[in-house]
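Take these sequences, add in the hints, and give me the full structure.
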Amino acid sequence: MSHKLVEVKNLKQYFHAGGSFLKPKYIKAVDDVSLYINKGETLGLVGESGCGKTTLGRTILRLYEPTAGKIFFDGQDITHVNMLPYRRKMQIVFQDPYASLDPRMTVGDIVGEAIDIHKLAPNKKTRRDMIIQLLEKVGLNSEHANRYPHEFSGGQRQRIGIARALAVNPEFIVCDEPISALDVSIQAQVVNMFEELQEEMGLTYLFIAHDLSVVRHISHRIGVMYLGKLVELADDYELVFHCVHPYTKSLISAIPIPDPVQSRSKKRIILEGDVPSPLNPPSGCRFRTRCRYATKLCEEVEPEFREVSPGHFAACHHLDKIN
Amino acid sequence: MSEPLLNIQHERLSFFTPAGEVKALNDVTIQMYQGDVLGIVGESGSGKSVTAYSIMGLIAHNGKIIGGTIDFNGHRINELTEKEMQKIRGNEVSIIFQDPMTSLNPVFTIGNQITEVIRLHTNKSKKEALERAEELLNLVGINEPKKRLKQYPHELSGGMRQRVMIAMALACEPKLLIADEPTTALDVTIQAQILELMMELRQKIDMSIIMITHDLGIVASMCDKIAVMYAGKIVEYGKTEDIFYNPKHEYTRGLLRSIPVLTEKEHRKLVPIEGTPVDLLNPPKGCPFAPRCNSCMKICLREMPEYTYITEDHYSACWLLQKEAYMKGGENS
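One line per chain: the protein sequences are V and U, in this order.
In this text, residue positions in the first sequence follow this note's numbering: the first is 416, and each later residue adds one.
In this text, residue positions in the second sequence follow this note's numbering: the first is 31, and each later residue adds one.
Mixed in with the good hints there might be a few duds.
What the hints assert, rightly or not - With a Cα cut of at most 25 Å, we get these calculated DSS-like pairs of lysine-lysine:
#1 V:K682 with U:K269
#2 V:K552 with U:K299
#3 U:K295 with V:K681
To be verified - Partial selection, computed: residues in chain U whose CB lies under 8 Å from chain V:
#4 V218
#5 T219
#6 L246
#7 S251
#8 T270
#9 I289
Said to hold, decoys possible - Quick list of simulated restraints, FRET-style, between CB atoms:
#10 U:R332 with V:R543: 36 to 44 Å
#11 U:K299 with V:P537: 38 to 46 Å
#12 V:H565 with U:P321: 19 to 27 Å
#13 U:M131 with V:N695: 19 to 27 Å
#14 U:Q233 with V:L712: 38 to 46 Å
#15 V:R543 with U:H40: 52 to 60 Å
#16 V:E611 with U:V137: 47 to 55 Å
#17 U:A355 with V:E611: 33 to 41 Å
Note that these hints are calculated values from the structure, not bench results.
What you are looking at is a predicted structure, and each value in this text was computed from that prediction instead of being measured.
Think of the CB as a built atom: it goes at the ideal place given N, C-alpha and C, for glycine as much as any other residue.
Right, dumping it as structure tokens:
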């Protein structure tokens, strides 16, 4: 264990967003994030929309060129290298199974495209066998290979998306909200499949979602993001039961628990207001505008992301006071 | 008990599409009393939204109620003309939709859209209507209401827009508010704000709420009673505690087993409901859930079971319950 497969250091991803030539404006989608993922582990990433969790996932795969910072895969710095050999090892499953599959390609070709690009099959027959094997792995069967995406339901399409990612036999998969477009009864099927594939193939996941209950279920460690920053990171149990950051606390208290007695006795911390615009984030601690404990210090100095107990990190000035 | 506020009896509703008849609602029966909060849960296509829309008289042109009755607050909704319906809609019953981004008109100001509702249903002057609109925005917790009235929907955030939608829905203090997945498009912290607001308002103006959602967490914390729908049919109905702690239908049980719970102490493997939702164009003959059910019997594939009453207000349609009732002495079957 504890072999770091993926690591990012001080990663920044800014998007240009208008402004004048001399004074360009930037959206700081990911701002100075450092984290690592061990081999065979699932790191969950939660946060509200616009907090930069998807951008972080995509930047790690270099689908966006990072503005600053470093990305390591298996000890190698991949921030500026040719990605083609690494695409075999790092893959992604997208959020929307309706938009991420080419409607004019058959399922066999969607899954087979990666096999072609990386020249993994010496001849047509092996290619076909590989595709069928992949489809069977995700719970589809060989006759599905000649059909088109529109003939499938949402859950089945997501399975195709997963088969596509698995085609190159990767070590690391970024799962970008893979189940949020699916019905409740189908979500569990896909979540279980992710778990089974991990056991079987030793996969490492970065699991991005806004639903903390699902993330908690599948992850070993969880990171919470707010406006481009990582505010807290800990083991799943630790994060749910012993979180220290005021944002994490309110996030956890806001989640309705599917149990009438528990959810009615639960004390809710209702946050005031909305998430500020990432174009013009608050100075100092970005959460201060909605935080009950905010002081002058929070306005002036950005809190450091520090280790509060072994393996538990948080970024807040007033941790001692709050807890 | 007094007269129910809403009484839907054996409603059948179909959409006639080029591909054939889609039986969206198949014998739906619901009763609701003043002040109730009813949750309707189910997956997409289960008919939860259609049930609510039919109370509002908002059915697409190819849809038709082909059986049953809907009584609301002394009106027989399914026999009203469009004109009569307009008087009730927005006045005695109103609705908030799922997506606040698309349900407000982008080319009118917030003030314009709220006063439109007020002036349509009361004979207030423009000025009075604006005052009332300001009052409403205050009520739903929007700060600087005067300024907001002059703004356009795009200037507001998602949570704010949903508050505006609620303000519009409450303009005439309806007896019944239908909330169709009101927080699905919102973030968790904003969702908590909106749900809190709805519960507060319910106390303040004594209205009933129908909460349509697929999130079992929301119904657990908000609703008194829950109807679980599957393939256009209410498969189980009961008090919130009954549904969560003593579920009787296999589908309800399956749903509860398949969702992860945040506060679980130990990792529990999720038990998914296998298979895919029903194709309503060709629904199976017997119980619609039978093809996905673990305890499916021969009779389930042939015939739809009647409701079995576990208690007076907890009932479910499943052959297994009929069998249990029969074993006990058969007084219910």
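Status of each hint after checking the structure:
{"no.": "1", "hint": "V:K682 with U:K269", "verdict": "holds (23 Å)"}
{"no.": "2", "hint": "V:K552 with U:K299", "verdict": "holds (19 Å)"}
{"no.": "3", "hint": "U:K295 with V:K681", "verdict": "holds (16 Å)"}
{"no.": "4", "hint": "V218", "verdict": "holds (5 Å)"}
{"no.": "5", "hint": "T219", "verdict": "holds (5 Å)"}
{"no.": "6", "hint": "L246", "verdict": "holds (4 Å)"}
{"no.": "7", "hint": "S251", "verdict": "holds (4 Å)"}
{"no.": "8", "hint": "T270", "verdict": "holds (5 Å)"}
{"no.": "9", "hint": "I289", "verdict": "holds (6 Å)"}
{"no.": "10", "hint": "U:R332 with V:R543: 36 to 44 Å", "verdict": "holds (42 Å)"}
{"no.": "11", "hint": "U:K299 with V:P537: 38 to 46 Å", "verdict": "holds (39 Å)"}
{"no.": "12", "hint": "V:H565 with U:P321: 19 to 27 Å", "verdict": "holds (23 Å)"}
{"no.": "13", "hint": "U:M131 with V:N695: 19 to 27 Å", "verdict": "holds (22 Å)"}
{"no.": "14", "hint": "U:Q233 with V:L712: 38 to 46 Å", "verdict": "holds (39 Å)"}
{"no.": "15", "hint": "V:R543 with U:H40: 52 to 60 Å", "verdict": "holds (53 Å)"}
{"no.": "16", "hint": "V:E611 with U:V137: 47 to 55 Å", "verdict": "holds (51 Å)"}
{"no.": "17", "hint": "U:A355 with V:E611: 33 to 41 Å", "verdict": "holds (39 Å)"}
Comparing the model with each earlier hint shows no violations; every hint is respected.
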